[in-house]
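K.L.:
Chain by chain, the residues run as shown.
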Amino acid sequence: MQIYTRRRANNYLIVGLSLAATAFGILFLIFVLGTLLVNGIGALGPTLFTQATPPPGSAGGLINAIFGSLAMTAIATLVGTPTGILAGTFLAEYAHGSRLGEFVRFINDILLSAPSIIIGLFVYAILVVPMGHFSAWAGAVALAIIMIPVIVRTTEDMLNLVPSALREAAAALGAPKWKIVVMVTYRSAIQGMLTGVLLAIARISGETAPLLFTALNNQFWSADLNRPMANLPVVIFQFAMSPYADWQVLAWGGALLITAAILCLNISARLFASWSGLQK
Amino acid sequence: MTAEANMVAIAQRETRRRPAGGAGDMVFHGLTIFFALVVLMILGGVIVSLFYGAWPAFRKFGLGFVVGESWNPVTDNFGALAPIYGTLVTSLIAMLIGIPVAFGVALFITELCPTWLKRPLGTMIELLAAIPSIIYGIWGLFVLAPFIQEHVEPLLIDTLGNIPVIGLLFSGPPLGIGVLTAGFILSIMVLPFIASVMRDVFETVPALLKESAYGLGATTAEVVWHVVLPYARVGVIGGILLGLGRALGETMAVTFVIGNSHHVQASILQPGTTISAALANEFTEAVGDIYQSSLIALGFILFVITFIVLAAAKLMLIRLQKGAGASA
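Heads up: the protein sequence lines correspond to chains A and B, in order. According to the numbering used here, the first sequence holds residues 2 to 281 in order. According to the numbering used here, the second sequence holds residues 5 to 332 in order.
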């Protein structure tokens, strides 16, 4: 009877701890988001979207940083999406069991988790140093490099979900392989692939480290991609670390904006995936 | 499967003979190979460019770079010991807190919680990974650090700080900013990565095995300990290494709360620095070739460490996929 009691107590302990761990995780999610909401909501106002970042002590907004983030994310998406999709296509459609395929998949998974600040250093070395100055182009390239492994991964996974009977049916009709891939496989996996792109955009919108040495920052409005460009993450970093109260308020506002955008992207990607019948 | 593969192969061979599809196929196949090679070139480029940039520092300081503690831009004397030490210690703290919590979360989601709660709970934990690291940073600086300074650190100093040897870890004034705070934030950030891998591998455990154990009268805890964990061992270690890889390279959140001090100190309550934090703080302001080269050398070291950890994680997870984990 004593053994029985001990085992039962032990079981309750483990179950309780496991429950506590889950509560711990959820609690911090709510804690972080709650703090953001409380501190960020006060900074939201029309000036946030109409004025550029101010010098310390005066009012201003984040419009230059918002524009910079959108521009660099857009360019990175334009570069990263085709690259990632084609590389993912290679892995799913052409590389079955080949050495090259295994190797690319392995390297891609490492790049997926590689520190983003290292990517910043890399782009600094290959673009910023030869060009002689920081630029939005360099920032966009850094973001694209971070995006590519994410898209490669999701594209491959999604293409692998397409039943091979579909491919065989098309092949039996005499369609060449590229037509099978483009007109049959892509078409049946398109929702999943779009979900992957959305998740990749969400991933890069908050990236700060790779932009520090590439796009740098810009106090003023600038739409010149060849110059340093303001962007939300780096502005948040600088303003939050500064001793000025009004800068810190703007940092909270920017943080709320970025997080809201990313959570929207994430949740819509998930909804999108479940609507189209795909499990993440 | 082989029959299917044969059919596809035959169909492909047939289509390849047709000149009409041939050109298109070659172009498309070539394109996909090219972009697959781009992925490899990125990695190759990272290694070559970092090594090239780091070479002047490695040549000047030799092995002393890795073991030297001095970090002095004025005299151009640099050693990487403090950032390497900080990187390892913060990651260690993150793992000590993160692994048990992630295990609890994965256990709860796979074994304990009602089915309708699985999806929302899983999504919420995964959203922890979606929050960008700069947000953890700003939250850590303004919310967590003051809290730790006022409530956690005085408690640690008064209790653990009095124990002879261990006390050294908890000595000094409560600053809020420091290695412990950085490690704690990291633990929350790696939690979703470890938990999601653990959840996936727990779900690969055949229901038959678990039900047999339950049928013999085992409690949930015993089933997890004696059936699920041994079965999923390799995957669990892979997930932990994946989280470790993330923790080692995490930049912004750590930069906010670590205090950027290039000294190796025993106390985890004191400020320190990590490789990524040093890079984020100093790189754009680094004047002089040797200073910049030393920072790139730090980046190179970080890349080598994370590469090894992530490669090990990946190899373990591949082994699991191939079913080797099932024999355990």
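Among the hints, a few may not be true.
[To be verified] No more than 20 Å apart at the CA atoms, straight line, and that leaves these computed lysine to aspartate or glutamate pairs for EDC-like:
#1 A:Lys180 x A:Glu169
#2 A:Lys180 x B:Asp29
#3 B:Lys214 x A:Asp158
#4 B:Lys326 x B:Glu130
#5 B:Lys214 x B:Glu115
#6 B:Lys214 x B:Glu226
#7 B:Lys326 x A:Asp110
#8 B:Lys326 x A:Glu169
[Stated by the list, open to error] Computed list of chain B residues with no C-beta within reach of chain A, every gap over 10 Å:
#9 Gly165
#10 Pro168
#11 Lys318
[Unchecked claim] Some chain A residues judged to face chain B by a derived CB distance under 8 Å, without partners named:
#12 Phe25
#13 Leu28
#14 Val163
#15 Pro164
#16 Leu167
#17 Ala210
#18 Gln220
#19 Phe221
#20 Ser223
#21 Ala224
#22 Asn227
#23 Val250
If you're looking for bench data, these hints aren't it; they were derived computationally from the structure. These numbers come from a predicted model, not from an experiment. Virtual Cβ for every residue (Gly too), placed ideally from N, Cα, C.
K.L.:
Decide, hint by hint, whether the structure agrees.
P.N.:
Hint-by-hint comparison with the structure:
| no. | hint | verdict |
| --- | --- | --- |
| 1 | A:Lys180 x A:Glu169 | holds, 12 Å |
| 2 | A:Lys180 x B:Asp29 | holds, 8 Å |
| 3 | B:Lys214 x A:Asp158 | violated, 29 Å |
| 4 | B:Lys326 x B:Glu130 | violated, 26 Å |
| 5 | B:Lys214 x B:Glu115 | holds, 10 Å |
| 6 | B:Lys214 x B:Glu226 | holds, 10 Å |
| 7 | B:Lys326 x A:Asp110 | holds, 17 Å |
| 8 | B:Lys326 x A:Glu169 | violated, 26 Å |
| 9 | Gly165 | holds, 25 Å |
| 10 | Pro168 | holds, 30 Å |
| 11 | Lys318 | violated, 5 Å |
| 12 | Phe25 | holds, 6 Å |
| 13 | Leu28 | violated, 10 Å |
| 14 | Val163 | violated, 13 Å |
| 15 | Pro164 | violated, 10 Å |
| 16 | Leu167 | violated, 11 Å |
| 17 | Ala210 | holds, 4 Å |
| 18 | Gln220 | violated, 15 Å |
| 19 | Phe221 | violated, 18 Å |
| 20 | Ser223 | violated, 18 Å |
| 21 | Ala224 | violated, 22 Å |
| 22 | Asn227 | violated, 18 Å |
| 23 | Val250 | violated, 11 Å |
When the structure is compared with the earlier hints, violations turn up for hints 3, 4, 8, 11, 13, 14, 15, 16, 18, 19, 20, 21, 22 and 23 and for no others.
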